[in-house]
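Taken in sequence, the protein lines are chains U and Y.
The numbering used here numbers the first residue of the first sequence as 283 and each following residue consecutively.
The numbering used here numbers the first residue of the second sequence as 236 and each following residue consecutively.
Please keep in mind that the hints were generated in silico from the structure rather than gathered at the bench.
Here a beta-carbon is modelled for each residue, glycine too, at the ideal position from N, C-alpha and C.
Check the hints yourself; a few may be wrong.
[Claimed, not checked] Simulated restraints, written as ranges between beta carbons of each label pair:
(1) Y:Ala456 - U:Leu428: 40 to 48 Å
(2) Y:Ala456 - U:Thr345: 52 to 60 Å
(3) Y:Ala456 - U:Gly511: 55 to 63 Å
(4) Y:Gly271 - U:Trp455: 28 to 36 Å
(5) U:Arg506 - Y:Pro564: 42 to 50 Å
(6) U:Gly542 - Y:Ala458: 49 to 57 Å
[Claimed, not checked] Only part of the chain Y face toward chain U is listed, based on derived beta-carbon distances under 10 Å:
(7) Val406
(8) Ser413
(9) Ala429
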Amino acid sequence: MSAGLLAPGAPGPGVDPASAPSSAPSSPPAAPAAVRRTGRRRTRRVLGALVMLLLVAVAASLTWGGLTDEVLAHLRALLGLPGGQVSFVVGTLRLPRVAMSVLAGVAFGLSGTLFQTVLRNPLASPDVLGISGGASLAAAWAILVLGVSGAAVSAAAFGGALAVAAAIYPLSWRGGVSGYRFVLVGVSLAFAVSSGLGYLLTRAAVDEVRAVLVWTVGSIGTPRWPAVGLLAGALVVLAPAVAVAAHRLRALELGDDLAGGLGVRPDAARLGVLAVGVALAAVATSQVGPIAFVAFVSGPIARRLVRGAGPALAASALVGAVVVVLAELVAQHGLGPLEVPVGIVTGLVGAPSLLWLLATLNRKGRGA
Amino acid sequence: MLTSPAAGVARLGADRPSARGAVRRRRLATLLVAAGLLLLAVAASLALGARPIPLATVLDALAHRVPGDVDHSVVLDQRLPRTVLALVVGAALGLAGTLMQGVTRNPLADPGLLGVNAGASVAVVLAIAVLGITAPAGFVWFAFAGAAAAATLVYGVGAIGREGATPVKLVLAGTALSAGLTSAVTLVLLTDTAATTSFRFWQVGSLAGRGTGDGATTLLAVAPFLLVGALLAMVCGRSLDLLSLGDDLARGLGQRLGLTRALVAVAVVLLAGGATALAGPIAFVGLVVPHTLRPFLGPSYRALLAGSVLVGPVLLLAADIVGRLVVRPGELEAGLVVALVGAPVMIAMVRRVKLAGL
Numbered sequence: 283m284s285a286g287l288l289a290p291g292a293p294g295p296g297v298d299p300a301s302a303p304s305s306a307p308s309s310p311p312a313a314p315a316a317v318r319r320t321g322r323r324r325t326r327r328v329l330g331a332l333v334m335l336l337l338v339a340v341a342a343s344l345t346w347g348g349l350t351d352e353v354l355a356h357l358r359a360l361l362g363l364p365g366g367q368v369s370f371v372v373g374t375l376r377l378p379r380v381a382m383s384v385l386a387g388v389a390f391g392l393s394g395t396l397f398q399t400v401l402r403n404p405l406a407s408p409d410v411l412g413i414s415g416g417a418s419l420a421a422a423w424a425i426l427v428l429g430v431s432g433a434a435v436s437a438a439a440f441g442g443a444l445a446v447a448a449a450i451y452p453l454s455w456r457g458g459v460s461g462y463r464f465v466l467v468g469v470s471l472a473f474a475v476s477s478g479l480g481y482l483l484t485r486a487a488v489d490e491v492r493a494v495l496v497w498t499v500g501s502i503g504t505p506r507w508p509a510v511g512l513l514a515g516a517l518v519v520l521a522p523a524v525a526v527a528a529h530r531l532r533a534l535e536l537g538d539d540l541a542g543g544l545g546v547r548p549d550a551a552r553l554g555v556l557a558v559g560v561a562l563a564a565v566a567t568s569q570v571g572p573i574a575f576v577a578f579v580s581g582p583i584a585r586r587l588v589r590g591a592g593p594a595l596a597a598s599a600l601v602g603a604v605v606v607v608l609a610e611l612v613a614q615h616g617l618g619p620l621e622v623p624v625g626i627v628t629g630l631v632g633a634p635s636l637l638w639l640l641a642t643l644n645r646k647g648r649g650a
Numbered sequence: 236m237l238t239s240p241a242a243g244v245a246r247l248g249a250d251r252p253s254a255r256g257a258v259r260r261r262r263l264a265t266l267l268v269a270a271g272l273l274l275l276a277v278a279a280s281l282a283l284g285a286r287p288i289p290l291a292t293v294l295d296a297l298a299h300r301v302p303g304d305v306d307h308s309v310v311l312d313q314r315l316p317r318t319v320l321a322l323v324v325g326a327a328l329g330l331a332g333t334l335m336q337g338v339t340r341n342p343l344a345d346p347g348l349l350g351v352n353a354g355a356s357v358a359v360v361l362a363i364a365v366l367g368i369t370a371p372a373g374f375v376w377f378a379f380a381g382a383a384a385a386a387t388l389v390y391g392v393g394a395i396g397r398e399g400a401t402p403v404k405l406v407l408a409g410t411a412l413s414a415g416l417t418s419a420v421t422l423v424l425l426t427d428t429a430a431t432t433s434f435r436f437w438q439v440g441s442l443a444g445r446g447t448g449d450g451a452t453t454l455l456a457v458a459p460f461l462l463v464g465a466l467l468a469m470v471c472g473r474s475l476d477l478l479s480l481g482d483d484l485a486r487g488l489g490q491r492l493g494l495t496r497a498l499v500a501v502a503v504v505l506l507a508g509g510a511t512a513l514a515g516p517i518a519f520v521g522l523v524v525p526h527t528l529r530p531f532l533g534p535s536y537r538a539l540l541a542g543s544v545l546v547g548p549v550l551l552l553a554a555d556i557v558g559r560l561v562v563r564p565g566e567l568e569a570g571l572v573v574a575l576v577g578a579p580v581m582i583a584m585v586r587r588v589k590l591a592g593l
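Can you make the complete structure from the sequences, with help from the hints?
Structure, rendered in structure tokens:
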């Protein structure tokens, strides 16, 4: 929200940046164009750096513990090159885990940023609005009451997330949806579902409570390839929708009236963006649980890195992926013999890093 | 402090005496209705439960107790203590929530945002897992200390930098710390089954059995902190009204922003920390109370704070009574019911009124 206020290059007459540098050597339009060019260059540099960071994190996760040769051999086998050898550890344990981490991070990063931007509130991530809570409640119900596990829990969680999202929208509709009303209804539902979860947890046997805790904090564990494929497929299907949403967001950031002037219907656009955000959060949560903090923090970090106008969706997705991959690496290998759910690491490590980021940025007078 | 500029602002807002009188009458009427609701809730809390007791008997018991009378014993030994506890905790949470929304200027803010609940939870879970304490009465000071430590850290991080503790920085720092501490709690719970057993019951927040016996002495011990917090809250009302005009305007009117925010933070720690120490983390009361009052009282924080003292207990008592009635002869904890009772109220409010931002 406030980062938007810091954004340079107020929306001038040149709304379409692509057509701007064609002519006009006169000095007044040159200044915003130059600002925009430096902004874009900075964005490209940040994205490049994030991609590098992600690749390093992925490579480290795959080869941790001196498995470089095994990984290379496995990759050769996958590509059908000579000298390849299929490795159980790499192919069945590490590769799906890393793939799932990247996909979940991308989904959470995008989803949180879409929510925070369209609702104009830094608190409005899917975890805060009860969408992850709905997934947790449904998953807990499936584990504790139905006694199922695996794909059935995922299906229940997906349904729970969608049910809460589907309830928020009509409940906050009153001749249009204001972001403010949407957020308040969402938070109310979040508290309602979390007390439902509290009820289930106090009435269940302690051993089963543990399974639910692991699920609700978010864990990647050792996913099977079909689950990874499901999330990947969902992201591929949702990618065009995200692109459209990014375009709509840019119009919405100008304010409802200006957006209307550009031919964007504000309410329909908001609904569309929120629907994409919900879909991303629901499908990712159903596979790995609501990994604490990723959806909430990716957007603010990305915005600070890019420092430009707009929601910085690509950077948010990459930040989300980097955070989850690194957290999973720590969860698997960083705590000695103890393997913990990844959500614990994102909370324990992510929180101090954000606090540190805030403190250091604040000292330079550039804080939120 | 700093009264004259504030009075000037008030005069700017309502220069016609008739409009000002109407606002005042409306506020008074709202507060009277809230007081009436509170009286009703107290009466219901004393009369209703697994064993319904007629109001006449309740009054009888309050006037002169007959030793050995079962009804009198239920009213005086079980329902009166938990009703008093609900009054204290509800008022403290209502005040703390209103303060938080005022100081962060965020309609989503509640006392938990300052890390109060998460800090208390970590301290309690460590007390259980490391020191082996299992009785709820033993948790009180751990909860209080944890809440205070977390809030101090959040405020300290949020206040670094040139502009001091701006709303966005407080919100981000609070959410970050809460998430981190919640992960720490989960980590302890996953490695310690015995801790899970005691902690999950503390964590839902309840009034049952926490106002009697040991609970009564705890209540007396915590009461002074709550009282100081409430007094601070009342002092801060006028400053919050000025803060709601925006930092620059408030500073221009002579407000010392840092001082005001620090005072509010201390009040929130005392109130919310005390309430959490007494009843466990009860969410939602602090969030919903100011929202239910704004349509009737307007944006003035002085009026909202006065109203919160009355409406907070109404909500908590209602939740406690519903929790006693729905699964008779068993009970649902008030901390679980409060969101189920409060969420529809909140949603109805949000839908009904034309909302003004903060």
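Structure-based check of all given hints:
{"no.": "1", "hint": "Y:Ala456 - U:Leu428: 40 to 48 Å", "in the structure": "45 Å, holds"}
{"no.": "2", "hint": "Y:Ala456 - U:Thr345: 52 to 60 Å", "in the structure": "57 Å, holds"}
{"no.": "3", "hint": "Y:Ala456 - U:Gly511: 55 to 63 Å", "in the structure": "59 Å, holds"}
{"no.": "4", "hint": "Y:Gly271 - U:Trp455: 28 to 36 Å", "in the structure": "33 Å, holds"}
{"no.": "5", "hint": "U:Arg506 - Y:Pro564: 42 to 50 Å", "in the structure": "47 Å, holds"}
{"no.": "6", "hint": "U:Gly542 - Y:Ala458: 49 to 57 Å", "in the structure": "56 Å, holds"}
{"no.": "7", "hint": "Val406", "in the structure": "6 Å, holds"}
{"no.": "8", "hint": "Ser413", "in the structure": "8 Å, holds"}
{"no.": "9", "hint": "Ala429", "in the structure": "9 Å, holds"}
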